[in-house]
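Can you make the complete structure from the sequences, with help from the hints?
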Amino acid sequence: MDPSKPRIHLFTILLKATILFALCNFAFPFLEGIPFGKFSLYNSIFPGRERLPYGEVRESYSLSLFDIDAMFASHIIAGTEKTPGEYRVLLIGDSSVWGTLLQPEETLAGQLNVKAVEACGKTVHAYNLGYPTLSLLKELMLLDHALQYQPDMLIWLTTLESFPKERQLTSPLVANNAARVRELIERHDLSADPNDPELVDPSKWDQTFVGQRRAVADLLRLQLYGTLWASTGIDQVYPEDYVRAQIDLEPDDEFHGLTLADRTSLQDALAFDVLAAGMSAASVPTLLVNEPILISNGLNSDIRYNFFYPRWAYDEYRQLLLERSLEHGWNYFDFWDLAPMQEFTNSGVHLTPQGEAMLTDKIAEAIQTTCK
Amino acid sequence: MGLLQIGASILTALLIGALTSAARRAAAVRTRFTQTARTYLLLVFSILAVYWFQPLVPLRSFDFWLPSLTLALVVLTWFITSSGGDRSSSWRAPQNLIALLLIAGLPALIDLSRYFLPEPLFTAAPPPRFILFLFFVIVLAIAIPLISWLSGRFRWVLSAAIVFLIIVLIILKTPALSLQTSVFLRTLMSRSSENASFTDLRWLGFSYIAFRLIHVLRDKQANRLPELSLAEFGTYVVFFPSLAAGPIDRAERFAQDLRKEFALTQDETLLAGQRIAIGLFKKFVIADTLALIALNDLLATQVRTAGWMWVIVYAYTFQIYFDFSGYTDIALGIARLAGINLPENFAAPYLKPNLAQFWNSWHMTLTQWVRNYFFNPFNRWMRGAKSIPAWGMLLIGQVATMALIGLWHGITLNFVLWGIWHGLGLFVQNRWSDFVRTRYPDLQQNRRLQTVLQIGSILVTFHFVALGWVFFALSEPVLSWQVFLKLFNLL
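As given, the protein sequences belong to chains A and B, one line each in that order. Going by my numbering, the first sequence opens with residue 14, and the numbers climb by one from there. Going by my numbering, the second sequence opens with residue 16, and the numbers climb by one from there.
Hints listed in this document are in silico derivations from the structure and should not be mistaken for laboratory results. C-beta atoms are modelled at their ideal positions from N, C-alpha and C, and glycine is treated no differently. Keep in mind that a hint or two might mislead.
To be verified - What follows is a list of derived Cβ distance ranges for each label pair:
| no. | chain 1 | residue 1 | chain 2 | residue 2 | range |
| --- | --- | --- | --- | --- | --- |
| 1 | A | Arg331 | B | Gly17 | 52 to 60 Å |
| 2 | B | Leu34 | A | Val256 | 53 to 61 Å |
| 3 | B | Pro70 | A | Ala192 | 54 to 62 Å |
| 4 | A | Asp350 | B | Asn210 | 44 to 52 Å |
| 5 | B | Ser490 | A | Val250 | 18 to 26 Å |
| 6 | A | Val250 | B | Ile186 | 32 to 40 Å |
| 7 | B | Pro70 | A | Glu72 | 18 to 26 Å |
| 8 | A | Phe24 | B | Pro456 | 52 to 60 Å |
| 9 | A | Arg257 | B | Ser490 | 43 to 51 Å |
As the list claims (entries may be wrong) - Footprint (simulated), chain A over chain B, 3 or more residues, beta carbon under 8 Å:
| no. | segment |
| --- | --- |
| 10 | 280-293 |
| 11 | 302-315 |
| 12 | 319-329 |
Following this line, the structure appears as C-alpha cells:
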C-alpha cells in the first residue's frame, strides 16, 4: 500500500456500511407516501401496455404485481390524452376481458377499437382494464381506480364464479391491497370482513426495504419488461397447443358448498353488495354484462353447463341478476349463451377471436343503445 | 456457482487465509510448514468443491462419478508427468502420500456418508454404494501405476493422454455425441433411453480442467514442466474459486503462489473484498438484469423492428461481458483471500480500438492458452510448408485458431461461425493496419485525427464483436441470419 495514502480500516468500513444499510432499511417505511409506482418508463420510453400486466412466466414478458399505481402507469390509458372526439369506454372484468390466449387486438377492447364504433357523435375508444382472477371486489378496486381516467362509459363484464362471498378476498391483488380494500368496504358499507385474515397486513419488518425487496424488484422488472413489450408486442405466452375446456363433466351439482336443495340460499352466498357498489360508483353510464359461458353438450351436461357451473346455480344466478338489475335500474345485458361451444379455448369463459367478435358486435350495439 | 456456493467459497478462503496468517505469526511454526499446510487445506476444500459444485445430472450417481473421474484424471496426469527422479517427486514421498490419501479418502468419506447421513451433504443426489466406489479405486490403483510405468518408457503415452482428453471434450461439447453417450450409459445401466438428452453429461468445469491438464502434458513433452507435488498439482487443477469458470492459470505460476510466503493482511482482505463485491454486482445485478432482455432464440423470432433488435443485441453484448467478467472478479477475489493471485481474464475489452487488442483483453487466459498450444505451433508448421504465401498463412492461422476457440465453447455450427467471423475479422484488421501504416505513414503525427480515428475504431470494433455475438447467442445459423436481416432492416 502507498504509505502516503490514509490507512483504511476494514472494520470501520464494515461498521459504516452496516449502519448505513440499517438506516436506509428502516427509513424505507417513511417513504410510503411517495407513489413510486406512478413513476414509469411506459408511455414515454416504451409504449403503454394494452392490458394490465399479468404473468407468471418469464416468457410472457409481463408479471403479476400488487402495486395498482404501477399497473395503471404501465397501461396505455395513463399516457393517452382524451381528445374531444373520443368516447372513452373502460372495460372491467376477469381473464375473459383481459384476453387469455388472445393477442391484444383480438380481445374485446382490441376488436371494439378496430370496429371504430360511433357513439354520441364520437368514436369509441375502448380500454382493456380486465384482470385475471375471479372476484367482484378485485374488479370494484380496479374500477374505482380507473375513474380518474375520465371515462364516458364503464362496461363491467361478470360471471357467476366472481360472485361467491368466500372468493372476494382470495384474489392475490385484493389480499395484498388491504388498505384500499378496507377503504372500499367502509365507503360502500360492504359485507366483507375488513379484518379477514386473507388480507395481508405487512409487519414492521415487512415494511422495511428488506421486507419490500420483492415489490421493489417487481417494479423494476416491470420497467425492464417494457423493452420486450415494445420490441415484440407480446404480453403473455401463446402456447401452440393447450388443453381445451372440459366438455365431459362430473355428475356433481355442487356450487361452492351449495346443492340444488340450497337453491334459496344462493343469493345470500353471492356478493351483490359489491356489484351494487361498482354499478353506482361512476357518474357515467355503466353497463353490466353477464359474459358468455361454455354450454357443454357432453357427459353430464344435463347437470352442469360447464366445469364451473351446475345448471341450477347458474340459472338461479341469472334470475337473481335480472331481478337486481330491474330493481336498481341497471343497464343489464345477458350474453350468457352467445357463443357456441367451439368458440371457447382453455376455459368455460375464455373465448376464441371469433367468439370475441360475436361479443364485440353485441357490446357495440349495447354502447350505441345506451348512449342514445 | 450460486450465491450459496460463492458465500461458502469466500468463507473457506477467508478461513484458510486467516489460519495461515495465524500460524505464521506463531513463532514456533516454520514458514515452510504453514505454506504446506495451506496447500493441503486448499486441496481438501477444492476436492469437496468438485463434488459440491457438480450439478445434478439425470444419470444415476453421476453427480458423484463425474467429480470422481475429475480427481482420477488429476492423479493419472500427475503420475505420468511427474519425473519421480528425486525423492520429493516420487509418489512414495510423504507429502505425496498424504495428498493421495486425501484425494482417495475424501471421496470415500463422501460416499460412506450415504450410510450415516439422512441427506447427501456434498453431492446433489445420494452417492453410489461403497462397494462400487471401492471397485473404482481398485481399478485406478492398477491402471494408474501401469500407465505411469508405460509413460516412463514410451513418449507416446503423453500424446495419447492429450488425445484422450480432447476426445472426451469433443464428446461433451458435441450435442449429438453427448446424446449418444447418454443413451449408451442409460442402456448400460438398464434404464430407458427415451429421456436421454445431450445435457445429461454436464461435467462441471471440464473445459477448464481439460485445458489445464493438456497444458501440463504439453509442457511435460517439451520438458518445460517444473516439478510439482501431488498436492500442488491437484490444487492447481481443481482450485475451487476457478473450478467452474476459470481463469486458466499456468501450473508453474500457480505453484509459485502456493510456495511463497503469505499472510492475509487487512489491506489484502480489503482489496479481495472489493473485487468480490464488484464481481457480485456485475454478475447478480447487471448481468442477471440484462439477461431478462438479452438476445435468445425466442426473441430472435419475436422482435419486430431493427431498432429494438439492436437494443436486444446490445443487451446480450453487455450481459455476456458482465456475467463472465463478474464471475472472474469473484474467482480472483476469493483466490486472493487464500493467497493465490490468479491471472486476469478481462481488461476493458469493449474499449479496444481493434480486434487483436480485443482478443488480448477478452478471456485472456484462454486466448493465451490457444496461442501457446495451437496458434504458434500451427504457424511454425505452416512456415515449414513453404508453398503457402504469408497472407495465406495468416488467414488460415487466424481462422483456424478462432474456430478452435469457438469449438471450445461447444461443437455446433454457430460456434464455428462465430470463430470464423472473428478469424476473418482479425485477418482483415491485420491487412488494413499494414495498408494504413505503409500508405499513410504521417497519420500518427496528427493528434486530433488520431483521437477521432481511435474513437471510430473503438466503435467499429465494438459493433463487430456485438454482431459476432449473434452467432454465439443463438442455436441455429438460420436464426442468426434472420437477426442480421432484421438488424439492417432487410426483413
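For each hint, the structure was consulted:
1. Range check, arginine 331 of chain A to glycine 17 of chain B: Cβ separation about 54 Å, and the 52 to 60 Å hint holds.
2. A beta carbon spacing of about 59 Å between leucine 34 of chain B and valine 256 of chain A agrees with the range 53 to 61 Å that was offered as a hint.
3. The beta-carbon spacing between proline 70 of chain B and alanine 192 of chain A, approximately 44 Å, falls outside the hinted interval of 54 to 62 Å.
4. The supplied range of 44 to 52 Å is met by aspartate 350 of chain A and asparagine 210 of chain B, whose beta-carbon atoms lie about 46 Å from each other.
5. Distance hint check for serine 490 of chain B and valine 250 of chain A: the Cβ-Cβ separation is about 20 Å, which falls inside the suggested range of 18 to 26 Å.
6. For valine 250 of chain A and isoleucine 186 of chain B, the hinted distance range of 32 to 40 Å is satisfied, since their beta carbons lie about 35 Å from each other.
7. Distance hint for proline 70 of chain B and glutamate 72 of chain A: a CB-CB separation of about 23 Å, consistent with the stated range 18 to 26 Å.
8. A beta carbon spacing of about 58 Å between phenylalanine 24 of chain A and proline 456 of chain B agrees with the range 52 to 60 Å that was offered as a hint.
9. The hinted window of 43 to 51 Å between arginine 257 of chain A and serine 490 of chain B is violated, with their beta carbons roughly 31 Å apart.
10. Coverage of the segment 280-293 of chain B by chain A holds in this model, with 5 residues showing a Cβ closer than 8 Å to a Cβ of that chain against a need of three.
11. Counting residues of the segment 302-315 of chain B whose CB lies closer than 8 Å to any CB of chain A gives 5, which reaches the minimum of 3, so the coverage claim holds.
12. Residue count for the segment 319-329 of chain B with a Cβ under 8 Å from a Cβ of chain A: 6. That meets the three needed, and the coverage hint holds.
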